[in-house]
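*Asks:* So the chains spell out like this:
2 protein chains.
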Amino acid sequence: MKIQIGILGYGNLGRGVEMAVNQAEDMKLAAVFTRRNPKNLAIATADVPVLNIAEAPAWQNKIDVLILCGGSATDLPKQTPEYAGMFNVVDSFDTHAKIPAHYAAVDEAARQAGKIAIISVGWDPGLFSLARVYSSAVLPTGKDYTFWGKGVSQGHSDAVRRIPGVKNAKQYTVPVEESLAAVRRGENPELSTRQKHTRECFVVLEEGADPSQVEREIKSMPNYFADYDTTVHFIDEAEFNEKHSGLAHGGFVIRSGNTAEGHHHLVEFSLKLDSNPEFTGSVLTAYARAAYRLAEEGKKGCRTALDIAPAYLSPQNGDELRAHFL
Amino acid sequence: MKIQIGILGYGNLGRGVEMAVNQAEDMKLAAVFTRRNPKNLAIATADVPVLNIAEAPAWQNKIDVLILCGGSATDLPKQTPEYAGMFNVVDSFDTHAKIPAHYAAVDEAARQAGKIAIISVGWDPGLFSLARVYSSAVLPTGKDYTFWGKGVSQGHSDAVRRIPGVKNAKQYTVPVEESLAAVRRGENPELSTRQKHTRECFVVLEEGADPSQVEREIKSMPNYFADYDTTVHFIDEAEFNEKHSGLAHGGFVIRSGNTAEGHHHLVEFSLKLDSNPEFTGSVLTAYARAAYRLAEEGKKGCRTALDIAPAYLSPQNGDELRAHFL
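So the sequence lines, in the order shown, correspond to chains A and B.
Reading the first sequence from the start, the letters are residues 432 to 757 in our numbering.
Reading the second sequence from the start, the letters are residues 432 to 757 in our numbering.
To be clear, the hints were calculated from the coordinates, so they are not data collected in a lab.
Treat the hints with care, as some may be off.
The list cannot tell twin chains apart, which means a pair is met if one copy fits it or any two copies do.
Straight line, CA to CA, 20 Å or less: simulated EDC-like cross-link-like pairs of lysine to aspartate or glutamate [as the list claims (entries may be wrong)]:
hint: 1; residue 1: Lys-470; residue 2: Glu-486
hint: 2; residue 1: Lys-650; residue 2: Asp-660
hint: 3; residue 1: Lys-529; residue 2: Asp-750
hint: 4; residue 1: Lys-703; residue 2: Glu-608
hint: 5; residue 1: Lys-459; residue 2: Glu-692
hint: 6; residue 1: Lys-529; residue 2: Glu-751
hint: 7; residue 1: Lys-574; residue 2: Glu-456
hint: 8; residue 1: Lys-703; residue 2: Glu-609
hint: 9; residue 1: Lys-581; residue 2: Glu-609
hint: 10; residue 1: Lys-674; residue 2: Glu-692
hint: 11; residue 1: Lys-574; residue 2: Glu-751
hint: 12; residue 1: Lys-703; residue 2: Glu-618
hint: 13; residue 1: Lys-459; residue 2: Asp-478
hint: 14; residue 1: Lys-650; residue 2: Glu-631
hint: 15; residue 1: Lys-703; residue 2: Glu-692
hint: 16; residue 1: Lys-574; residue 2: Asp-705
hint: 17; residue 1: Lys-731; residue 2: Asp-750
hint: 18; residue 1: Lys-650; residue 2: Asp-589
Model the full assembly from the supplied sequences, consistent with the hints where possible.
*Replies:* See the structure below:
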């Protein structure tokens with residue numbers, strides 16, 4: 432019997448989860464739930480029901496793990512506690528500062544319902560968090576660095592698109608090569624926000640919009656751009672569609688530390704992803720396997736990637752892992 | 432009360448563990464056990480007893496975790512099951528092909544004694560195993576690559592030293608840059624042994640030894656050198672001591688895979704270590720913390736790195752980890 436997976440929310444991330452579930456031999460996509468009219472939503476997999484979100488509660492006995500694919504700003508803070516009261520759930524909640532509060536709310540709901548919830552899995556938080564915890568546990572005397580990119584920041588792209596006169600925009604976060612090199616050389620530099628990343632924007636203007644005005648508005652935007660060296664390129668729609676429609680991303684987590692007699696050690700974890708939502712969907716899917724197994728063991732409550740042993744993510748059993756992966 | 436650590440075996444690795452334990456605020460080195468005459472062994476830490484290995488059993492109630500620092504060839508296959516019958520233990524058993532048998536022997540001993548044993552931790556097996564399992568669980572369609580080096584292989588250095596006429600020798604394992612680059616480009620190449628690594632030897636000859644004879648013997652040695660492109664440099668003892676006394680090592684674990692629609696993803700974990708035994712000792716020490724906590728929970732039996740959640744390795748608690756590392 433395969434693990435029965437439900438998907439709640441069918442944007443880029445939901446579609447990425449669908450692909451990953453279809454690649455997993457031990458899983459079956461059971462249903463997709465949407466806030467849209469299901470009749471207007473075509474999914475990639477044949478013979479899988481697409482249902483309105485209101486029908487989800489009726490599927491409690493037919494779904495082993497529900498993967499929540501909404502956004503962190505407004506969807507997940509409400510959805511994850513709500514659905515953890517009915518299903519084993521996995522989410523990719525990624526507002527770092529609000530994780531403790533999200534954890535507490537989800538943990539209470541999941542415990543009361545006797546369900547397992549795994550929150551904040553993806554690559555950051557998620558795989559990058561793992562890299563930070565493992566490497567700082569092994570090298571307690573040292574410094575951690577996280578660089579993102581080169582890749583598309585959806586939040587920054589959205590912020591540029593909200594500026595009057597902007598028809599379309601994409602923002603790339605780019606690590607500063609010289610800073611990355613200094614970290615790799617073991618120099619343990621103190622890096623300001625500006626020294627870690629630059630921001631590069633590709634903007635299509637509405638007809639008649641003033642490029643210098645738009646550029647000023649971008650570069651002076653607090654939090655998003657003001658603390659960075661930002662480059663703005665104005666391009667036409669054809670070039671935008673041809674060159675900037677992807678969702679590539681990636682990054683680096685580096686721990687640079689010393690053992691007692693001054694020997695230096697560098698631990699580096701990096702990702703280079705052609706599709707951020709597809710890779711994030713793949714991580715969610717692996718953790719859905721873990722959620723299923725933990726639930727089978729009778730465990731309940733909220734977990735993060737830090738609380739789950741790696742073997743739970745793999746379709747292979749302990750004997751196979753020890754023989755082939757260790 | 433700090434975690435009381437014992438070290439059994441005081442070579443390079445035992446000394447690396449000692450340094451790591453002294454860096455850990457929640458641990459205290461309680462005793463070092465040796466097969467040598469303890470009177471002739473000076474350790475780095477003041478006021479810690481150095482005792483003959485025969486006295487270890489009397490310390491069962493004074494040591495929380497005993498870290499076994501012997502070799503994988505003959506020491507650990509015997510020692511780990513034996514001491515798992517008396518202590519919670521951690522070892523760095525690294526003969527990959529024999530891990531399943533070692534696991535079975537240690538698991539039985541630890542279960543009978545009600546103790547926790549964690550085997551095969553270090554960086555390969557250990558952190559590299561984690562990278563392989565996490566990345567293949569997330570990207571099931573893909574290929575794994577492990578490259579070692581540039582670094583000193585103790586086994587290969589020993590093999591060269593056993594050749595008649597060789598006074599001293601050091602062997603470096605070097606990844607083939609072009610193969611590493613092809614993997615990073617996502618080409619998923621099939622790589623032969625020769626295409627993955629080269630071997631570089633620095634040899635000091637005994638007086639009167641024939642260099643061409645020694646070079647032939649090295650290059651034709653089955654398993655160790657015959658399948659590799661090997662370079663042999665003959666140097667004098669002064670140069671050897673000046674340039675080749677270190678134990679640096681490192682390597683790369685790369686997973687190159689695709690999500691369903693052909694998007695490519697690269698997951699890379701790498702280490703660059705000035706001292707292999709000190710870093711390995713640091714990993715053993717982090718897993719000793721995990722062993723202590725698992726034992727406190729009443730768990731027993733054998734574990735590997737794959738069976739242990741990352742949070743167990745960190746001195747910080749769940750709230751702190753969620754707030755600062757996730």
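*Asks:* Take the hints in turn and mark each one as holding or not.
*Replies:* Hint check results:
no. : hint              : in the structure
1   : Lys-470 / Glu-486 : within (14 Å within a copy, 76 Å between copies)
2   : Lys-650 / Asp-660 : within (8 Å within a copy, 54 Å between copies)
3   : Lys-529 / Asp-750 : between (39 Å within a copy, 12 Å between copies)
4   : Lys-703 / Glu-608 : both (15 Å within a copy, 19 Å between copies)
5   : Lys-459 / Glu-692 : between (53 Å within a copy, 18 Å between copies)
6   : Lys-529 / Glu-751 : between (38 Å within a copy, 13 Å between copies)
7   : Lys-574 / Glu-456 : between (40 Å within a copy, 17 Å between copies)
8   : Lys-703 / Glu-609 : both (19 Å within a copy, 19 Å between copies)
9   : Lys-581 / Glu-609 : within (14 Å within a copy, 23 Å between copies)
10  : Lys-674 / Glu-692 : between (50 Å within a copy, 18 Å between copies)
11  : Lys-574 / Glu-751 : between (36 Å within a copy, 17 Å between copies)
12  : Lys-703 / Glu-618 : between (24 Å within a copy, 14 Å between copies)
13  : Lys-459 / Asp-478 : within (11 Å within a copy, 61 Å between copies)
14  : Lys-650 / Glu-631 : within (10 Å within a copy, 52 Å between copies)
15  : Lys-703 / Glu-692 : between (35 Å within a copy, 16 Å between copies)
16  : Lys-574 / Asp-705 : between (29 Å within a copy, 16 Å between copies)
17  : Lys-731 / Asp-750 : between (26 Å within a copy, 18 Å between copies)
18  : Lys-650 / Asp-589 : within (15 Å within a copy, 61 Å between copies)
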